[in-house]
Amino acid sequence: MPINYYILLSVALFSIGIVGVLTRRNAIIIFMCIEIMLNAVNLLLVAFSKMHHLRALVADRATTVGTDAQLFVFFIMVVAAAEVTVGLAIIVMLYRNIHSVDINFLNRLKH
Amino acid sequence: MSKFVFLIPLLPLIGFLINGLGRNLLSRTAVVAIGCGTLILSFILSAILFKEILSTGIATGVITYFDFINTAGLDIKFAFQVDQLSVLFLLIITGIGSLIHIYSAAYMHDETVPHYARYFAYLNLFVFSMLLLVLGANFVVMFIGWEGVGLCSYLLIGFWFKNADYNNAAKKAFVMNRIGDLGFLLAIFWMLSQFGTVAYLDLFPKVASAPAPVLTGITMLLFIGAMGKSAQIPLYTWLPDAMAGPTPVSALIHAATMVTAGIYMIARSNVLYSLAPISQNVVAIIGISTALLAATIALKQNDIKKILAYSTVSQLGLMFLALGVGAYGAGVFHVMTHAFFKALLFLGAGSVIHAMHHEQDITKMGGLKKLLPITHITFLIGCLAISGIPPFAGFFSKDEILIAALEKNPIYYMLGVLTSLMTAFYMFRLYFLTFAGEFRGTAKQRDHLHESPAAMTWPLRILALFSVVGGFVGIPAVLLKDSNWLATYLSPVIAAHENEHPFIHLSHGMELALMVILVVVIAGVIYAAMKRYAQATVVVESNDKGISKFLANKWYVDELYNSIIVKPINFTSSFLSRIVDNKIIDGLVNGIGRALQYSSRQLRLLQSGQVGSYVLIMVISIIIFFIFQLFWKF
Amino acid sequence: MSILEILFWFLTALALFGALMVVFSKNPVHSVLWLISVFFSISGHYILLNAQFLAIVNMIVYAGAIMVLFLFVIMLMNMNTESEPQKSKWLRIAASLSGGSLMLVLVAALKDTSGKVTGVFKVEGNIGLIKNLGQVLFTDYVLPFEISSVLFLSAMVGAVLLGKKETNSIIS
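Chains as they are written, first to last, in my numbering: chain C, 1 to 111; chain H, 1 to 634; chain V, 1 to 172.
By construction, these hints were calculated from the structure, which means they are not laboratory data.
As the structure is a computational prediction, the values presented were derived from the model and not from experiment.
Incorrect hints may appear among the rest.
If the Cβ cut is set under 8 Å, some of the chain C residues that face chain H in the computed set are [claimed, not checked]:
#, residue
1, Val21
2, Val86
3, Ile90
4, Val92
5, Met93
6, Asn104
Don't be surprised by glycine CBs; every beta carbon is placed ideally from N, CA and C.
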């Protein structure tokens, strides 16, 4: 299975995420779409990690090439978890104040 | 002694600071004590320095104090040059300055204390700047002093700043000086770029190898500076107007010291001028023309100070003639004697004005002989000195100049003689109208006539003494062999006047004969002046037609400058201000502002505050970037 | 077609369909459920790529913790209705177009990638095992690991601060 397939899958997932961010007005849905985009990137990282690992494996059976990418994915998950906590807290606060999660009400940047 | 040289300019500076800052606190006595005391101390120090040089015969040379400007390839030190020339000027400046300070203490007594202190502060600042000018060991330090004296001249001409005319006179003096200063400044830059140094001792050995056009250019620019400061054609018209200042100021700044700064500068850079014959000729021609022009104008003036002012311009012209024909020593000699007798004349005029309650028109004076005896005697000595009657000081210096001119070119000599005759005539016209005959003023003025206080008469007496004996330092060889002490004294600084190809080689006998003839003719002119003016009861000068009118109106030079320079500049300025500035530039600036405001108002609509639209724009931009990256390979 | 390839295509289809359903379902709760299915299929991909540890973490952290958090918030706000106001039609078309063209552009940009590496699917290598990852994590990456704990702490403090009642001064 060539790496191209994984690239295409990731690009497709990422673009779906973008379309979601652009079309929806519900802040929570937008947030979920961002998670999809993050996961698309994670998937691609893991696929590249595997690719490089297999290449190195030809020369050296005990190689650990590719570990770094998987750890990056791990750290991305860590950061994403923290991000979700804070993000959801913000959305909750928002809901408490304006009784809506519609981002069209959030045009205070204009002022 | 050389350790204390810095004190000579520093003391007046201290006096300036104390008087200037404490003008509301000090008492009148304290102001006088500080103002005069610092200067007299400076004079004593200068005298000691002079005595040292005289006894040892060698100059102290350059004393460096600190690095003034020190960058790559440019090293200008703040240094003083103590040699025969600068010490001679030190003596003149501090000596006459002290006398005039003492005189001023009485003359300015009517001023309130803060103004009185301000006056002395300015005067001290002037002396400081002037000392810096003559002491500086390079052209930059000289330029500092040069600007300083210009500033003080401005401040003192406009001392009575409530009078708009006086302020205009001050402005005129300042602007005209600035024109000259620009020339001086350019000369300094040129010297820096050509020789890499402006220190006299480093510079002068190098000039011999420089190309002639460069030297001509530099010396011409220096001369433009001298024109402004020393009131030569075409920048002389400020000096008569400068008489708006207090009379002692006219005596100190506009007769004895500042206006001779140009002479000093050229004498100091005589090495350059000797290598630039074109510039020398220009100096001589400008000098003699100025001398003649000013003398003709002085014939028809009625204001006592104006006459003296034109006489100063004329005498300065003679000094430049001396410099131009290469007789630098004679020029400096005349500076010295002129400082004595012109300061004397101005102070005498001040005494008269003081007695007449600020009346300056000589047609309203007359018969002051009996009422102002000391002023009368000293003024007479001054007139005799300036007219060149032996054995008064002016005779020797003027004679030296005329002989030098004759050896160069007889036309210079003829014009110089003509100037001298006119000088004698207008000075004695002034003398007779003022002191002889009957009093022509109002009765009220007559009742108040009085001799000036001792503080004013003693400086007059001392200056009169010097006007009598001052010439003996330069007795020409034709009268007494090897007696030209001044030329010997200055010889280390100024190369002896040698005319290798004299137009006429004068024998001693011819020289003596010319001298005697000249004195006799001058005496005749004085007699004619006496005939005409001594008994005048009512003076009616027919100044309304022909050449008299032309002269009385000062050759219409002020009007000429007004119409060819001032008015076009005013017109251009108002055009620039009304049309270019108001319409075009303001329109442009306001237009840019308005366009920006309008486009901003339109662009503001993009900022909806909706995060979604921002993201959309971001995505579209990313797409555009990718498309560029992919399909337009730059 | 090997069993691995069948699995790949099945998981791919599930991920893409799930993602589309996340975007287009009206009910936020449905969106969350579809998102869970996306995460599961991605975890499956991880297993196919020999990244067993990441597959488990993905499932626990994303599908377990984070999605529960999302559900919890949605339930809290009582948003299980389909009353969400829609964006204008043109805006949605523009957004879909730009998203689609971004995909096209990215594909165009990456289409020349060499397809020579075909062995991504070989079940070989053991770097994805927790033993190997743990070793690197606690040697080379121990500092970032520790710092991430600080990140969590600050995230926790932030969440608590934001969740407090007195927020009138921030948005009022």
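Quick rundown of the hints versus the structure:
no. : hint   : in the structure
1   : Val21  : holds (6 Å)
2   : Val86  : violated (16 Å)
3   : Ile90  : violated (12 Å)
4   : Val92  : violated (18 Å)
5   : Met93  : violated (16 Å)
6   : Asn104 : holds (6 Å)
Hint compliance for this structure: hints 2, 3, 4, 5 are broken, all remaining hints hold.
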